[in-house]
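With the hints as a guide, bring the two chains together.
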Amino acid sequence: MKTRTGNIKAAEFAAVLALSRVFSEAALLPGVYVEYGMQRFTAVILSFLLTALLYIPLHIAAAANGGDSPLEAVSGKNKVLSGFFGAVTSVYLLFCAAETGLRAHYYASSTAFDSAPSAYFYIFIGAALLFAVSRGIKATVRAGFLASAGFLILLALITAALLPDIRPDRLYPSLIDRPDSLAGEVTDEFSRGSEILLSVLLCGSIRGKPGACARTYLLLSCGIIVFMTFLYNTVFGRLLSLLDYPFYTLSSVSDITLLHRINGIDVMVWVSAAAVRLALFTFAFRRTVRTCFPTGKAADICGYLFAAAALLLSELFTVFPELYDPLKTVCSSGAPLAAMILLLTAASAAGALRKTKGKAVRT
Amino acid sequence: MLEKELEKNTVNVRALMKNSSDLTMKYAKAGKVNVCVISCDGQIDTNRLANLVYRPLSGIDPQTDDPERVASMIGGELLIAGDEKPVESAEEIVAAITAGFCVILTDGTAKGWAIGIQGFETRSVTQPENHRNIRGSREGFVEALHINMSLVRRRVRSPELIFTNMTVGRTSRTEICVCRIDGASDRKLADDVMKRLEELPLSLVLESGFVQPFLENSHPLFSEVGATERPDVFVSKLYEGRIGVIIDGSPFALFVPKLFSENFIMLDDYVEKPVFALFIRLIRYMAFFISILLPGFYAALANFHPELIPDALLRNLAAAESLTPYSVLTECVILDIFYEIMREAGLRLPSNVGHAVSIVGGIVIGDIVVSAGLVGAPMLLAVAIASISGYIITDLGNQISLLRFAFILAGGLFGLFGLTVAAFMLCVSICSAESYGMPFTAPLSPFSPKAMRDTFARAGWRKLARTEPDIFETDGDTNENKDR
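Line by line, the protein sequences are chains S and L.
Residue numbers for the first sequence follow my numbering, so the first one is 1232 and each next one is one higher.
Residue numbers for the second sequence follow my numbering, so the first one is 34 and each next one is one higher.
Just chain L, same shape as in the assembly (with noise of 0.2 Å):
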């Protein structure tokens, strides 16, 4: 607790900070009265605290001595500034001084009053860089906590939106931000997400992916946490009565439950007539499929059942691979893995250098390797549009390139049948996966006729409009999960 001495406090709070660099103590006088302004360099608004904290400050009556007089007029006549709270112990006004508020200490009071006057450098808010959309908003998630939420505000001006904040953190004390629809979420589901956030045993919480896997529910592969850069999808999200995490210092928001379909809808869908959502949506589910089977398919089919193959096309591959000194698999797998490569090179490195890598990689990599006769054309070919087509979903990346490897060689090694063996594996994995209590492949399995007017095929928006949007009834049985 605060003592009445304003040194005492002042020692006890340096303390705490370990002497800091950043710590900053300003002394001076409200009337007669001594009073200490402490704040963190670098989190506040220099031009704020000489307008909003020291000029009423100074405005106060010369002749007034009562120190509970001078900290009731901070805490309540002085207009200083719109979030102010009290302070009452070293240890909230270490909190609060972090955390951009400066905090004006009384001699002769126990109390003291913390300031909101943060003014730390952001970056504005721009186009979001892994989730574009053609039509709509061209805003996306920043670092700054309070920018994501207005960002999200700006968009539901309702009161049914609910924040509720929290810190997180034994070290980082970082900032987070849990947001729900009332009436649209379930609250059990709001209040599971917040236990797991107050039990998060982390010191260190610098990214959304630190919290993330807190909020799973540990499946190998899959994440049953969604995430995204955009507040329009974020915000469709909630209205869909999901619960949304936002973490202060990452620009990508959390929200739960997600399911294995949600990966091939994307916003643009919403503006685009049915007719072409339904056909785009066929097309990444396509995409995702010969993105993860085909070099294994291929790689299949040329090893142990040719006799599947069109006789043209046989007779092309078998010339194609006649000249190559490797087998089919060891191709596909030099290629996979050359590819992964590239992938990643391009992935760190700054974007013009990115693009050398791309030309290095795409054209002379793969046309040598071919003119050289180390691959066959045709592999390259399967390996090349397996890579493309699992650009079509983002969110899918770094599954579908381990998938893609599991299947080569369970493709390369032991045919169809072990394609089939892996195929199915991987369908009971999907399917054991659940979501706080959704299964993660709904509504597919278990099949809701409901839900499939905006699953493969999109509705028009006035069949949409009609009944509201609600994620529980993917499930096929609403009343078991709904309880609000």
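Next up, chain S with everything else stripped away, as it sits in the complex (with noise of 0.2 Å):
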């Protein structure tokens, strides 16, 4: 298995994917409400290895054809199959954009800046993503490599601000206690998960192994987020259930001394990892449409376009909900993303069948 030489280690880029992760975790979704509770431990444990139940096909595809880029495997040979995979990728991370660019606009506007107009906040975070786009995706992951190190840092000052708070006997030791439920939440939480994708698209830019970048990120975001649980689990109790963002109120509820609440600052990570998220995207984005299509260097503007167009479409989202609203219906549902990870292991396939056939007639 060849090792990439990429500019961006494996490791760093898995921790911004992490970042990314536990802010869809964070800032949910307008009129989604996440049941915690022991079953919450199940069910993140459960969506996780559903991941990389899904995954290792495609690591082992990948590297088959040589730890290549899927999307690489198909283009050039077939120019409609190519376009096929570069037009479903397309429109999938576009979704998955415009879908950050919402949360973030309704975490942002439920919160500290509840009195901001709608428009400061696309003017800025849209700013913040063209000036990261264009800063290319080496500066970016670097950056979002120091805000990961900044909510880490949070982390630790609001478990040990509320360590006097938490109560382990308020875990209990049921881990299925809605079995009827349990289903549809892990392929919720599964579906939050689209940052495995980034790590497959973007491979390219990846240093290292082929697989190590996916492998340390689903243990990094899976650690993270089951220690959150445990948090909100011990410190709210029954509460929890009543909380719309229970990160936020964890952060709300622990006094630091100089500030009566760090909730500001809470917003401030989540805000910065939304422009971290939004970015990562349009370089897949941009990364898809370089290697499916013929565009040269008209890619680094559709670029531009597709961070427009997603946040345009949050827009859209948040003014129209009844647009949204199926759509959320079945992307909590997993099967699209579920859909995007075959569709990159069939990729990956035919790429390496297609190098085994050309070694035989060789040989």
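Keep in mind that the hints were calculated from the coordinates and are not lab data.
Think of the CB as a built atom: it goes at the ideal place given N, C-alpha and C, for glycine as much as any other residue.
Any given hint could turn out to be false.
As the list claims (entries may be wrong) - With a straight-line cut-off of 27 Å between C-alpha atoms, the simulated BS3-like cross-links for lysine-lysine are:
| # | chain 1 | residue 1 | chain 2 | residue 2 |
| --- | --- | --- | --- | --- |
| 1 | L | K144 | L | K62 |
| 2 | L | K144 | S | K1369 |
| 3 | L | K221 | S | K1369 |
| 4 | S | K1440 | L | K483 |
What the hints assert, rightly or not - A few chain S residues that face chain L, going by a derived Cβ cut-off under 10 Å, partial list only:
| # | residue |
| --- | --- |
| 5 | T1371 |
| 6 | R1373 |
| 7 | A1380 |
| 8 | G1435 |
| 9 | R1438 |
| 10 | M1499 |
Claimed, not checked - Pairwise CB distance ranges, derived in the manner of DEER restraints:
| # | chain 1 | residue 1 | chain 2 | residue 2 | range |
| --- | --- | --- | --- | --- | --- |
| 11 | L | Y318 | S | R1409 | 42 to 48 Å |
| 12 | L | S251 | S | L1284 | 44 to 50 Å |
| 13 | S | P1399 | L | D400 | 51 to 57 Å |
| 14 | S | G1262 | L | L414 | 29 to 35 Å |
Printed below as a string of structure tokens:
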């Protein structure tokens, strides 16, 4: 298996993906309520196991294909196939980016930025996003890595401040207490993990062995989310069912000496995370366009258009929730993500098969 | 090329120098052969000229009448001076005499000898003004290149230290010296630096700041080229594999590459116990963030998010702000501009007047603006703490001033949201910078655990001594950068 020589360290990229994943966990979509309790641990762990199970065939196929991105495996050989893969991936990425904008906007306007007009949010996050895209993936991932360090410091501060309020007796030995809703919770949780696709689509920029980034990302984000669930359960107990944003509330109730509450800092971290997540989807889209369509340098312009379209779409979703609701139902089922992973697996397998045939012919 | 007739050569030199007043030509006889000693007034030491040039010339056998014989005696047999080189054209003569050499031309030969007897006035070696330390050497670089080179050589008495002299500036023809330690530095990096210096498009090079932009990779705010007044710091940078550049006429030596985290590392960190080094470095990082963010953060909280401020403090702030006529943002901008004006005035004025400015600024204005009710005391406190914090990181003084102002506007106009977006853009901008292939934010991002032994914390000397210091390990992948 070959080692990639991209510029970004796999562990660093994994940390950024983990931040992005935790953002989806902290900034829920409008109208989405998460049921906590002990079953939450089961749902989180099962969702990550499901992701890993779906990823393993993709990893094997990609490794057989020399560790290349699945899209590179189909590009150039068959224009129709390449265009099909490119179009499906682009649409999925656009939806993910729009959803990220929607999450961030709803979160910001429901918490510390409640009085800010909607336009401010889109203008400023748009400026941050375009700036990040213009500076490139390396700069964005490095900045995201520093933001993820900021998040870990915040988490440590909150944990330290809430240490006296953590009551382990609120944990009870029943990991499945709502069997009828478990499947729904698992798929909902699974559907938030689009980052696994980013690790595959952007693998050309990552240094190290294929799969190292995805493996680290899965372990890291699973660990963090389980720990956050532990905090929610042990601090809030039964009150948890009343909360929209448990992490925000957690930071609100933690007294840090200088500031009364640190929920403002919490929002700062998530707004940065949203900008990083949006930028990563934009980079993935740019890579997809460059690989699957003969656009040349126009791919860069397409990237900016994608970012603008994603923010516009998220504003449309905000204004017209009836547009978003059906999509939300489909997406939270996890089916689109699973389909994308399978599609990319098929692409990688096709590439690997072609290589094997090519070798056989040469022999 | 020089001709055999002395008169023609001297006329050519005089013409090239445009008959400049400081050009001196002393005609004499060495044996029976006419010679001319050409020099530039003020560039040479007259005592050395008398003892090292005139005296040996007058000692030549008076019966010698062969010009070639006289020339070979000057260039070889006579012990004239340690630093001598042949010159074969009028242009070379001009280059030599403007660099403090005297040139001896003999009638009947087409070759001269340049003798190094530099004797211009130089400032003596004193304590650096901007990079002071508590323990360690008190020597700082001066303006004369050869003195600076000797200060470096005294600290590395090894053949591995390599000096390469060059001349830059079409008109000023300033001498510069590229320094590196063989075995520690990357040869490609050295070649890159030399190439940039050779292609320097300037006519005049008066200071290291003239050269610095041509070694940078044009980040709008931060420089990827380090500058130090201290020979010991300079040597330590060379030892880590960096390339140094000393410029004649500047007491600041440059080195590349420079990383962002190096702004927070001082020489004193290495002479104190590691635990103090850790503490003081964390204080420096904290001071940097306080300096750029505190006034903007205060403006953001006071304007948009008062619920984040503890109740008792909020009541005090509200009471203080209710007495002032301006908004929090206006107060903040006014105070910051006042501070920058006072700082600029204090920097340029003579030190005794500078003290007066400090007193007027600090006590009179500071006290009066609050008692007159123009600004609130909490705002004054926030700006004052931010300003003092900025003094801790001297190398980033200008950047801090600019960033503080930008964050005041972002926080004051758009609250924490504006502050977040501004901080994110700054972070991406810094992360996008690279210094000769090294990420500017290394070893923090990309993270290198190995380099952490001397980033936030400093490991003890016993641990540091086990491995050679290496700038390239901060990228986390030594093999990609090393090509030794």
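Here is what the structure says about each hint:
no.	hint	verdict
1	L/K144 to L/K62	17 Å, holds
2	L/K144 to S/K1369	59 Å, violated
3	L/K221 to S/K1369	23 Å, holds
4	S/K1440 to L/K483	20 Å, holds
5	T1371	6 Å, holds
6	R1373	4 Å, holds
7	A1380	8 Å, holds
8	G1435	16 Å, violated
9	R1438	7 Å, holds
10	M1499	4 Å, holds
11	L/Y318 to S/R1409: 42 to 48 Å	47 Å, holds
12	L/S251 to S/L1284: 44 to 50 Å	48 Å, holds
13	S/P1399 to L/D400: 51 to 57 Å	55 Å, holds
14	S/G1262 to L/L414: 29 to 35 Å	45 Å, violated
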